[in-house]
Amino acid sequence: MEILEVKDITKHYANHTALRGVSVSIPKQSIFGLLGPNGAGKTTLIRIINQIIDADSGDIFINGEKLNSSHIIKIGYLPEERGLYKKMKVGEQLVYLGQLRGLSQREATKKSKVWVDKLSISDWWNRKVEDLSKGMAQKIQFISTVMHEPEIIILDEPFSGFDPVNANLIKDEILELRDNGSTIIFSTHRMESVEELCDYIALINKSEKILDGSKKDIKNSYRSNTYTIEYKGALQAESDSFKVVKSENLSEGYTQSLIQANNGQSPNILISQLINQVEIHSFTEKIPNINEIFIAKVGGQSHE
Amino acid sequence: MNKTLLIIKREFLSRVRKKAFLIATLLTPILFMSIFAVIIYVAVNEEKNAKQRTIQVLDENGYFDLKESSKYKFVKIQQDLSTAKDSFNVSDDYALLHIPKIDLDAPDGVTIFSKKKLSIALKEDIERKVEKNLRDIKIRQSGISEETLKKLDPKISLNQINMSDTGEEKSSNAEIIFGIGYAAGFLIYLFIFIYGAQVMQGVIEEKSSKIVEVIVSTVKPFQLMLGKVVGVASVGLTQFLIWVILSVTVFTVGATYLGFDMGGAQAVEQIAQNSPNAEVAAELASNSNIQEKFSSFFEIPFAYIIGCFIFYFIGGYLLYGALFAAVGSAVDTPADAQQFMMPITIPLIIAIIGLTAFVLRDPDSNASFWLSIIPFTSPIAMMGRIAFEPPIWQVALSMALLVLGFIFTIWFAGRIYRVGILMHGTKVNYKVLAKWFMMKN
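Protein sequence lines, in the order shown, are assigned to chains A and B. Numbering (our numbering) for the first sequence: 1 to 304. Numbering (our numbering) for the second sequence: 1 to 441.
Read the hints as simulated data drawn from the structure, not as lab findings. Among the clues, some could well be false.
[What the hints assert, rightly or not] Partial list, derived from the structure: chain A residues whose beta carbon lies under 7 Å from chain B:
#  : residue
1  : 27
2  : 50
3  : 72
4  : 77
5  : 79
6  : 81
7  : 82
8  : 85
9  : 96
10 : 99
11 : 100
12 : 232
13 : 250
14 : 253
15 : 275
[Said to hold, decoys possible] Stretches of chain A that chain B covers, calculated by requiring three or more beta carbons in the stretch to come under 8 Å of a beta carbon on chain B:
#  : stretch
16 : 86–95
17 : 262–271
In this text the structure is predicted, and so the values were computed from the model without any measurement. Heads up, the beta-carbon is just placed ideally off N, CA and C, and yes, glycines get one too.
Work out the full structure, taking the sequences as your base and the hints as a guide.
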């Protein structure tokens with residue numbers, strides 16, 4: 001079931017078009033990666049979902065209901081450009097931000113206390129934000145994003161600026177939130193975190209969506225029937241079922257080669273042929289990673 | 001809880017709870033009073049210690065007799081001009097006044113020589129003295145005696161009575177009203193600048209600390225701007241109310257201590273009649289001048305003036321506060337704000353200059369009328385007029401226009417603000433602002 005449906009959104013600014021007919025469906029309880037190079041229109045789309053700006057045309061539905069102000073409490077948003085009131089105390093700040101999302105003062109106090117305990121920063125409740133380290137401030141920002149238990153959590157470049165320890169902590173929290181029923185939208189151009197976390201992705205480039213779907217399906221559709229093999233012995237450069245794309249000598253007489261299967265040849269046929277020629281040590285299908293797909297799609301387009 | 005209220009509450013508490021607020025609230029009146037005290041003290045001292053300046057007078061007619069004063073001492077010399085100039089040059093005297101042989105009906109050629117440039121005040125002083133001397137000489141020539149002359153020079157001080165439409169008479173005191181007008185106008189001017197700058201700083205802080213995007217994902221930018229502007233206004237009002245309460249307290253305590261109370265002149269008389277301390281009573285009763293001052297003082301409609309002050313403070317502040325917020329939203333640092341301050345400061349400066357140049361001098365002149373009607377200057381100019389009690393329709397018109405004015409500027413500023421707060425690192429000029437203003441949401 002789709003929790004968030006973006007339908008044919010277009011947004012023009014004075015000098016350029018930020019989004020042109022973008023449609024995206026985001027399934028419930030998934031981690032959705034919104035990818036694209038800088039300036040592609042990701043932030044504009046996120047701002048439209050957050051009702052910070054309005055789209056020129058197109059609609060957005062949350063749980064089938066047209067986007068309106070009652071949805072504010074259902075969304076948690078951690079923008080890329082994020083900060084806190086420096087002169088405010090941590091506790092007051094969390095309660096204030098919770099209230100702005102629509103919690104009552106009591107709820108906001110209770111929930112933020114639970115979270116500061118969870119992220120072990122409860123000693124800092126009465127300290128001013130300006131006294132905090134950057135990592136602590138990021139934890140506070142994260143808490144303010146998720147404390148009202150939103151159905152949709154939108155994180156714009158969530159790991160930028162996090163040290164590896166905090167990044168892992170947040171990663172675990174994100175997974176836990178997903179398992180507890182939240183849907184997470186993730187905007188980033190860090191492909192390794194997409195690879196690791198996302199169930200679905202959409203790729204936006206130059207104001208248009210150029211690719212979307214489940215990560216698995218997309219990767220499958222970009223399979224090129226190439227295999228990496230390691231072996232001892234001499235391999236024929238070409239046969240009925242495959243051809244060698246490139247080879248490289250490894251240590252102790254091993255060779256690594258990339259082979260391209262001819263049309264309709266299954267891995268089993270390849271292996272049976274290879275066995276006759278060489279001593280095989282490994283055989284892996286080369287599945288493109290998201291980074292390669294990203295570069296192929298975006299890089300390819302920019303040469304047009 | 002309404003989110004705009006939530007923002008107002010935060011803006012208010014985050015400022016009022018600071019130590020700086022308490023200190024500023026208590027120190028500002030003390031500071032102002034000390035500044036005034038120092039100015040008055042210096043002025044009085046100057047007057048007292050002013051050096052008497054010696055001016056040589058070379059009078060070829062022989063009948064000029066300039067009167068010595070605390071400021072000037074006149075020494076007659078009898079030499080030809082060039083010798084006089086030489087000896088003046090080596091002397092320590094301040095100036096040399098040369099009166100050539102003149103025709104009394106067309107006195108020409110009176111010259112003053114000095115080593116330093118003379119001030120306008122001194123030049124006018126000497127001119128007046130020579131003129132007066134000349135007039136005395138002419139009067140004497142026409143056969144009027146010295147005594148008659150003295151009688152022709154009476155001194156009076158006007159008693160002012162204002163009559164209302166119903167024929168009720170009220171004594172008034174122009175000096176006190178002038179003082180109130182000046183203080184009220186100036187206070188509004190200060191308040192607008194101080195609190196306007198606070199709004200601007202708050203907006204820049206939100207923008208540069210980058211919290212603003214989180215906030216506007218929960219409230220409309222307009223609510224955030226309005227919340228900030230109103231929140232800061234409530235800080236200003238709180239401060240003003242503390243001052244009113246403090247001064248009423250100080251005044252009441254002081255008045256009780258001195259034997260006066262809010263009843264004014266009647267009370268003074270009553271005390272005079274009932275006081276067991278005959279000496280004090282006699283002193284009070286005899287001092288009719290104090291009594292008059294007090295009676296006119298208490299006839300000033302303070303409640304009306306304070307009510308108007310609060311209205312014009314809020315109105316003027318909202319009008320300008322919104323503009324300050326718009327400027328803050330357009331820039332990344334306070335330094336960048338400088339370029340957009342001109343359109344805001346110019347009307348304010350016109351208003352404060354107009355206050356002293358027109359409004360307080362002649363509260364019913366055309367210039368005063370227009371300054372106190374146009375919303376951009378009316379908060380300051382009308383406060384200058386209010387103690388003179390201008391026609392009620394003018395006050396009503398001015399207030400109505402001010403309300404329209406701040407609704408307009410808040411709307412205007414809101415359109416720039418909603419775009420500006422999300423823009424980082426863009427180079428902004430007036431053209432860009434216009435583009436933001438026109439932009440669809």
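These are the hints, each one checked on the structure:
no. : hint    : result
1   : 27      : 23 Å, violated
2   : 50      : 4 Å, holds
3   : 72      : 6 Å, holds
4   : 77      : 5 Å, holds
5   : 79      : 4 Å, holds
6   : 81      : 4 Å, holds
7   : 82      : 6 Å, holds
8   : 85      : 6 Å, holds
9   : 96      : 6 Å, holds
10  : 99      : 6 Å, holds
11  : 100     : 4 Å, holds
12  : 232     : 58 Å, violated
13  : 250     : 50 Å, violated
14  : 253     : 58 Å, violated
15  : 275     : 60 Å, violated
16  : 86–95   : holds (count 3)
17  : 262–271 : violated (count 0)
In terms of the numbered hints stated before, the structure departs from hints 1, 12, 13, 14, 15, 17, listed from lowest to highest.
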